[in-house]
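So you can see what is in the structure, the chains are spelled out below.
2 protein chains.
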Amino acid sequence: MELKAEKIEVVGNCDATAFPFKYKERHPLEYLRQYPHLRCRTNALGSILRVRSEATAAIHSFFKDNGFVHIHTPIITSNDCEGAGELFQVEPSSKIKMPEENFFNVPAFLTVSGQLHLEVMSGAFTQVFTFGPTFRAENSQSRRHLAEFYMVEAEISFVESLQDLMQVMEGLFKTATMMVLSNCPEDVELCHKFIAPGQKERLEHMLKNNFLIISYTEAVEILKQSSQNFTFTPEWGVDLHTEHEKYLVKHCGNIPVFVINYPLALKPFYMRDNEDGPQHTVAAVDLLVPGVGELFGGSLREERYHFLEQRLARSGLTETYQWYLDLRRFGSVPHGGFGMGFERYLQCILGIDNIKDVIPFPRFTHSCIL
Amino acid sequence: MELKAEKIEVVGNCDATAFPFKYKERHPLEYLRQYPHLRCRTNALGSILRVRSEATAAIHSFFKDNGFVHIHTPIITSNDCEGAGELFQVEPSSKIKMPEENFFNVPAFLTVSGQLHLEVMSGAFTQVFTFGPTFRAENSQSRRHLAEFYMVEAEISFVESLQDLMQVMEGLFKTATMMVLSNCPEDVELCHKFIAPGQKERLEHMLKNNFLIISYTEAVEILKQSSQNFTFTPEWGVDLHTEHEKYLVKHCGNIPVFVINYPLALKPFYMRDNEDGPQHTVAAVDLLVPGVGELFGGSLREERYHFLEQRLARSGLTETYQWYLDLRRFGSVPHGGFGMGFERYLQCILGIDNIKDVIPFPRFTHSCIL
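For the protein sequence lines, the chains are A and B, in the order given. With numbering that gives the first Met the number 0, the residue at position 268 of the first sequence is 267, and numbering never jumps. With numbering that gives the first Met the number 0, the residue at position 310 of the second sequence is 309, and numbering never jumps.
Simulated from the structure, these hints should not be mistaken for laboratory data. No incorrect hints appear here.
All copies of an identical chain are treated as equivalent in the list; a pair is satisfied when it fits inside any one copy or across any two copies.
Below, a list of computed lysine to aspartate or glutamate pairs in the DMTMM-like style, where the Cα atoms sit at most 20 Å apart: (1) K63 - E185; (2) K21 - D325; (3) K199 - E169; (4) K355 - E137; (5) K249 - E169.
Using the sequences plus the hints, can you model the full thing?
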């Protein structure tokens with residue numbers, strides 16, 4: 000675009016020699032990452048962050064249109080969602096003199112998931128969701144992990160099958176993505192054209208196909224029959240590794256695939272017992288997508304008091320989760336839910352390789368700039 | 000409403016003798032607070048939390064409709080927004096063995112405001128907003144304070160007067176409230192009828208009148224001329240106390256009132272110098288509302304490099320805020336912004352006396368249940 004100016008007024012000068020980004024030069028995303036206070040001024044980050052804003056709005060609107068109540072689940076919590084990850088602990092900074100040992104009287108952590116709090120709310124509202132920051136104190140430099148990231152989580156009452164849950168998950172992915180594509184086509188195109196060539200076609204392929212469904216048991220069989228040499232030998236009862244997830248997605252023709260019914264022994268106490276055997280499973284589901292791997296995780300929850308009581312007792316958690324048992328004691332309904340990693344979602348639709356480039360201010364081991 | 004049932008199926012039984020809420024009894028909100036995992040099942044909390052959900056959607060939609068880009072400002076941060084409040088510090092829980100002293104290499108805190116990060120973004124997008132949790136480690140049991148609460152913050156480029164800012168603040172309050180009233184009238188009515196009689200009329204009074212504007216200097220004069228005996232004697236150069244705020248709102252006929260142009264010495268380094276004197280002020284604004292007191296705080300930001308440089312140097316902060324100076328060094332524009340306490344907003348429209356009743360899981364000194 001050319002402008003013919005009749006008058007030019009400099010509102011705020013910029014010393015181009017000191018400015019770290021050069022005029023007309025396309026700097027690698029990794030270089031831009033050194034300047035978190037300036038990189039949003041580039042075309043690339045500008046587009047990515049506008050897409051992030053549109054995707055946020057699209058997700059809120061998907062849930063609102065479908066009658067979900069939005070819940071702000073707490074950030075500081077005294078429960079740890081049963082080992083979903085390594086925790087950050089929170090205490091008043093040393094400047095403050097508190098007579099007590101803990102500000103909150105109990106050890107307090109940053110949330111790793113809003114699920115248990117959403118389950119509280121699903122006893123009052125039929126459908127609830129939360130969309131907020133979650134935290135993992137993992138010493139990881141991976142291109143798919145952050146210490147602070149955003150999760151979209153939903154919980155639905157009166158859901159009795161994984162099918163119903165998967166329908167909402169696929170609906171969320173496709174509806175939100177279609178909204179983003181129609182609300183900021185130029186920003187998406189910039190990413191697809193200059194950052195991730197070929198991503199436009201890969202995304203269209205995901206959107207036009209029905210997502211696939213295989214059981215964990217089938218997945219292990221597929222992996223066993225493959226000619227690929229895996230670092231971790233696939234075996235029933237063992238977690239799927241990234242290399243396995245990648246293989247499965249490729250095996251499924253790069254269409255997102257739900258893997259369902261995982262071994263009970265691998266999963267936390269709250270997932271619903273399928274009462275099968277001898278390969279005992281729970282009603283859990285993960286969605287694997289091209290380029291990213293696990294994007295969603297979900298399950299039916301164990302709504303039956305006595306099943307849950309026994310699972311908690313076996314893990315020695317009965318006392319800690321008395322309040323959670325209460326939810327089943329005072330009017331319980333079948334329910335289930337899921338969580339989606341928001342940054343991984345953005346990576347998946349835009350084709351951005353490193354998760355640090357889809358969040359305004361990335362936090363990870365050794366880095367908390369600004 | 001009466002239902003004529005042909006068949007009754009009990010999905011999940013409830014032991015009514017053990018259930019802490021009695022059938023047909025209206026329990027005080029304070030009593031309900033003891034059961035954060037069950038209170039959402041009462042009519043009162045059900046209505047309040049549905050209103051919270053609608054208000055969240057209304058605020059997002061106000062900003063989206065007005066062209067603002069939504070930004071997730073970071074929760075964990077290495078800056079402290081220049082003493083906006085007492086901080087919580089974040090560290091990996093003791094379970095993790097890290098060779099380094101700090102996970103992030105620097106001391107890391109929970110955010111007290113997203114403002115400075117929004118200012119980064121206002122250098123790339125003309126209008127930005129954030130709506131997320133903020134934290135204060137204050138040892139307070141007040142009915143207006145929480146350790147974890149939500150703030151709506153906006154930053155607008157090319158704003159050159161407080162008038163323009165106040166117009167957005169008043170627009171946000173009135174538009175969001177009208178949307179809430181039209182989207183969940185029954186829930187609002189329940190609160191107005193059973194929890195806060197008279198609040199309906201008080202709210203209508205706020206909505207139909209133009210908000211008032213007085214200067215800090217005028218406010219101090221009004222307080223000095225009042226016949227009321229204040230605990231803290233009003234005086235130019237001293238902060239307004241809650242008792243003063245209450246008096247001013249009453250004096251203004253219970254219409255929300257903007258107080259503008261505060262003493263420079265009372266305010267942080269980033270507020271724009273009015274270059275007046277001898278009573279030297281900055282372009283700051285607070286909105287005081289009936290029942291709650293301070294609901295919004297905002298200011299024009301010091302966009303002039305040399306003014307900011309001197310203010311920082313005087314506070315010995317030049318090194319810490321070099322990145323913030325950079326924002327003025329590489330293309331600066333006049334800008335300003337504001338923050339609104341979301342729970343106080345809900346208190347204000349619903350007439351809820353205690354802030355702990357408008358958030359799903361309140362966190363405050365000595366309390367972090369679930």
